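Residue numbers (the working numbering), protein chains in the order written: chain A, 120 to 268; chain B, 2 to 169.
These are calculated hints, taken from the structure and not from any lab test. Treat the numbers as computed from the prediction; the structure is a model and nothing was measured. Just to be clear, a hint being listed does not mean it is correct.
[As the list claims (entries may be wrong)] EDC-like, lysine to aspartate or glutamate: derived pairs with alpha carbons at most 20 angstroms apart:
id, chain 1, residue 1, chain 2, residue 2
1, B, Lys22, B, Glu105
2, B, Lys22, B, Glu101
3, B, Lys150, B, Asp58
4, B, Lys150, B, Glu31
5, A, Lys256, B, Glu144
6, B, Lys22, B, Glu93
7, A, Lys256, B, Glu105
8, A, Lys142, A, Glu165
9, A, Lys142, A, Asp171
10, A, Lys256, B, Asp58
11, A, Lys159, A, Glu183
12, B, Lys150, A, Glu183
13, B, Lys150, A, Glu212
14, B, Lys4, B, Glu144
15, A, Lys135, A, Glu253
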Amino acid sequence: MSAYVYVTYIYATPQKVWDAITKPEFARQYWLHYNVSDWKKGSRWEHRNGDDSGTVMIDGTVLECDPPHKLVMTWTRPDRSKEPSRVTFDIAEYNAGLVCLTVTHDQLEHDPAMAASISGGWPKVLSNLKSLLENGKTENIWLTKNKEG
Amino acid sequence: MAKLTTESTVYVTYIATTPEKCWAALTQSEFSRQYFFGQIIEGDWRQGGRIRYRMPDGSEHIEGEILACEPPRLLRFTWRIVSMAGLTHLPEAIVSYRIEDAGEGVIRLTMLEEHPTPIDERLLGGGRSGWPAILSGLKSLLETGAVPKIAPPTPPQEMLDYMKEHSA
Chain A
120 MSAYVYVTYI
130 YATPQKVWDA
140 ITKPEFARQY
150 WLHYNVSDWK
160 KGSRWEHRNG
170 DDSGTVMIDG
180 TVLECDPPHK
190 LVMTWTRPDR
200 SKEPSRVTFD
210 IAEYNAGLVC
220 LTVTHDQLEH
230 DPAMAASISG
240 GWPKVLSNLK
250 SLLENGKTEN
260 IWLTKNKEG
Chain B
2 MAKLTTESTV
12 YVTYIATTPE
22 KCWAALTQSE
32 FSRQYFFGQI
42 IEGDWRQGGR
52 IRYRMPDGSE
62 HIEGEILACE
72 PPRLLRFTWR
82 IVSMAGLTHL
92 PEAIVSYRIE
102 DAGEGVIRLT
112 MLEEHPTPID
122 ERLLGGGRSG
132 WPAILSGLKS
142 LLETGAVPKI
152 APPTPPQEML
162 DYMKEHSA
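Isolated chain A, as found in the complex (with noise of 0.2 angstroms):
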């Protein structure tokens, strides 16, 4: 697999989704993990664990960054074993109130298990953020196993 697509509509507006996937605050309410950057291009990003460990489990660069629509960034491992992988987010308000939101794994040629890995977590991210802004609840999913990974 050379690209991972996943598309939600998320009763919210942009901004708040935006906020969701950048603010530390939101992320650990709906994510294990939470992200930890200033948001400039050209920035580093940190993909830290949930936990009080703060480990970062995942970091990169912002290779473009325009809020509250737009955010990609490069996906590598901390020991650098692979080449990274890229992930968009594209945040686009599809009628009033209702945001699609579509995120890009790409670039995942040399990481087939990152690919495997991402591929279950993504639905898990995006359902319980989808959940986490239109009801205020998120589920406990993350011990489920991942019949694709």
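Use these hints to put chain B onto chain A, whose structure you have.
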């Protein structure tokens, strides 16, 4: 020369509901009208039975045969497009809905669209744009009770081109 494919499309979503409620939402028209672009599902819910999706005006849109019916876990059926200009000659696809437990009070719904007979690859964009809108609406409906109003996405241009080429 058209490039043919047997590639599948899969869409996975996690929903805070029970398997029974999700099954009801997938198979009962009072629910399908609310999230499946207003369409009406009908089925003879047994293996070998017929299944239909009708447009909101009652005209037949999709028709097929139920290959597996195991409430509330698995529904698998053939998918033949009856009424969209430029698409009615297509070979049958197979669509499955699988419902699994994914934690306390949460299910994982997996939609799989398979193409056992090769189709023009430009057609895959139809399902890939439509299913996320339908199943996002289903999740909203089951979790919040509010009727989702997600308009059908416009198919990708290459699919519209295909439909134009194949319209009588």
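TODO: Would you pick out the hints that fail for this structure and give their numbers low to high?
DONE: The structure breaks hints 6, 10, 12, 14; every other hint is satisfied.
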